[in-house]
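Keeping their order, the protein sequence lines are chains B and L.
To convert, note that position 218 of the first sequence is 218 in our numbering; the numbers rise steadily by one, no gaps.
Take the position in the second sequence, starting the count at 1, then add 1000; the result is the number in our numbering.
Rather than coming from a laboratory, the hints here were simulated on the basis of the structure.
These numbers come from a predicted model, not from an experiment.
Hints are not guaranteed to be accurate.
When the alpha-carbon atoms are kept at most 20 Å apart in a straight line, the in silico DMTMM-like pairs for lysine to aspartate or glutamate are as follows [as the list claims (entries may be wrong)]:
#1 B/Lys-270 x L/Glu-1175
#2 L/Lys-1144 x B/Glu-29
#3 B/Lys-198 x B/Glu-29
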Amino acid sequence: MKMMETAKSATGAIGSDVKTMSYIEAITEGLMEEMQRDERIFLIGEDIAAYGGVFKATRGLYEKFGPMRVIDSPISENFLVQGAVGAAIAGLIPSPEIQFDDFISLAVDGIVEHAAKMRYRSGGMFTCPMVIRCCYGAAVGGGLFHSQANQAWFMHCPGLVVVTPATPYDAKGLLKSAFRGQNPVLYYEHKRLYRTIKGPVPTHDYTVPLGKAAVVREGQHVTVISYALMLHRSLEAAEKLAAEGIDVEVIDLRTLLPYDKETILKSVEKTARAVVVYESSKTMGVGAEIGAMIAEDGFSFLDAPVRRVSPPDAPQEPFAPPLAEAYLPDANRIAEAIRETVAY
Amino acid sequence: MPVTIVVPQLGESVVEGTVGKWLKKEGESIAKDEPIVEIITDKINIELPAPAAGTLGKITVPEGTVAQVGQQLGVILQQGESLPAGAQAGAAGPQQSNARPPAPPAQPSGGGAPAREPAPARAGAAVAEAPSGEDQRVSPAVRKLLKEHSLDVSGIRGSGMGGRVTREDVLNHIEAGKVAASAGAGAPALQQASGAAPGRTPVAPVAAKPLQPIPAPAFAQPGSREEVVQPLSNVRKKIAENMLRSRHSAAHCSTWDEVDMTALVEMRARLKERIKTTYGVNLTYTPFIMKAVVRALREFPILNASMTETEVHYKKYYNIGVAVHREQGLIVPVVHDADRKTLLQLAQEIEDLGSRARADKLTLNDIQGGTFTITNAGMFGATASTPIINYPEVGVLGVHLIQERAVVRDHRIVIRLMMTLVLSFDHRLVDGTPAVQFLHRVKELLEDPESWLLDSI
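With the hints as extra help, turn the sequences into a complete structure.
Below is the structure:
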């Protein structure tokens, strides 16, 4: 498959030690390996210890590492992150789990005012390394308060790293990179992908670099820039359009902040057309930034307006299944936008 | 100088009108202020007077077309003038522009184009005629490419939306030039060959197809029985639109009450002849009802209001509409400042509005600014009805047939002249209690007219 090949090429050779696993298994394995590698790492979150997390991402870790390194917290996102900031300054590498991205607003002060600014304000004397794992995303029937995708809020906060993998390979590789850096990382895991996406993951140690996008499908006529769940739907759209003679290049951003301008611009220089597909309300979303960047730095490449495909400017995915379906772009809606962009 | 005929400001909130009938033909001479064209707006027709004398040089908006306020309808030429060459150019108003051709659908290129073809996706697509010269807007990518190859966009045929020259078009153009140059003497044959490959040379332009109108549903004709089909009149279309807007916007609710009209009937019978001979006015029940309504509206201001999504507007003026039946269709002329007029003035004005409505002589002012409406279905024999609110008003009072009915008074069945009053109200703004109380107040006033008519203006 194309995705596999790209994953390989993005990180060099993979040995023969490859096994197929789900997106969530790759995350669990990544946590386990990093905790084994570095004893400063500890996990803290709601129901993550004996229960293994509401999505079971931390299953087995409490048994393996014990209550000092896998900690059940009270229901307070504010405490989770503020406590982690203190621990990080003191020399540990905490990994708080935000059970649903919808609740992250309770932790914004810790993330934005402290974690993001610590290294900068102290002139590098202190760093605040931590991996805030954040379960997010629509298309799971979660309704208003269990479906949000709030990455764009944090893309506005220099000092943070925001990543969101689309494949098991990247899930594990990005997680490892996140634990090995000096910056606070918001590691966004898409709930819909947890068990619907399986793929090859090396058993040996490897990392996926932060801040690097991947061209997961090459094409000549238009560049589609996406990530996580929307990436899979974009690939599906690209497959449909291939049958119509439209050759779509698809880029997986993987890291949303700082994102990979170079890969995007290189692709748009080739295709002259860009469509950004993202999962959050349209206005001031990921597409606003990518679209503006292309207009600013790649103006002379463009032969058509940059198009955004996203949910509408509604507060969040509704509960009612037909409305939920109408909310989130599917492959057909993405394909239609690409067709129009190519026909422009 | 030729004088243009434009759609005038037709009243508050009116932004467009339909050109009904041109009363003059092109070339016909006209006097200043002579009616030249009929414009149909919300329920009312006006005849536009000629802004100048001369001859009608050009009609730019044909009959039956919607025109915006301020849009040019035609040109009047004064003596010795002829139509300037560019006169037609300004004719197209907002409604006039042709439908934009749909985007050419992306199609697979037949016959397996080679992989290096820049745009197989577009190869078989319909191509519109490119806009010429300076009208052509080029994308940044095209501009850069043109500059690099010292090309002029006007020599390149566009295959993009609306005939836009795309980057692929320029690349194809450059490629075709290279082929022609390298082919030398053999050029014609080679060009022909390359022309056969889809996407290599520009496709011959095909006229853009306008959007296809959706065909009207065909009604089955039962057996051999005839069915007469007539176009809807503009007035009927407007009525339909307004009725539906009210039904879709307001939360309709109706309440009714029985009114003993015996006292009022006797009073009117007593006064009728004298009023007719002294003032020349037919004294109907409507002015009495209107007076009672205004009094009750003062006590229940919520029924003399209207609402937006965020505000309620209480009107401190009382403009009462009276629904009038006429052949062309229902219309609601308005008695303005009904609270400041005597019963006799109301009677005169209602009579005047009614006759002008039937003669189609109402002005726009006559049908605007209403705050509450009265409709009389009793005139034709109805004993009850649930009227539709004259949106954005929030209440409409239906008055009905006055007839002798057996009612109970002091434990006895007696004959009284009774009438059913129905109030339809917008339940979004008006709660049931004030609606019922308002209606009851109207009933009280009508049942005992002498008590309050004495201190009425």
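Under the constraints set out in the numbered hints, which ones does this structure not fulfil?
Result: hint 2 breaks, nothing else.
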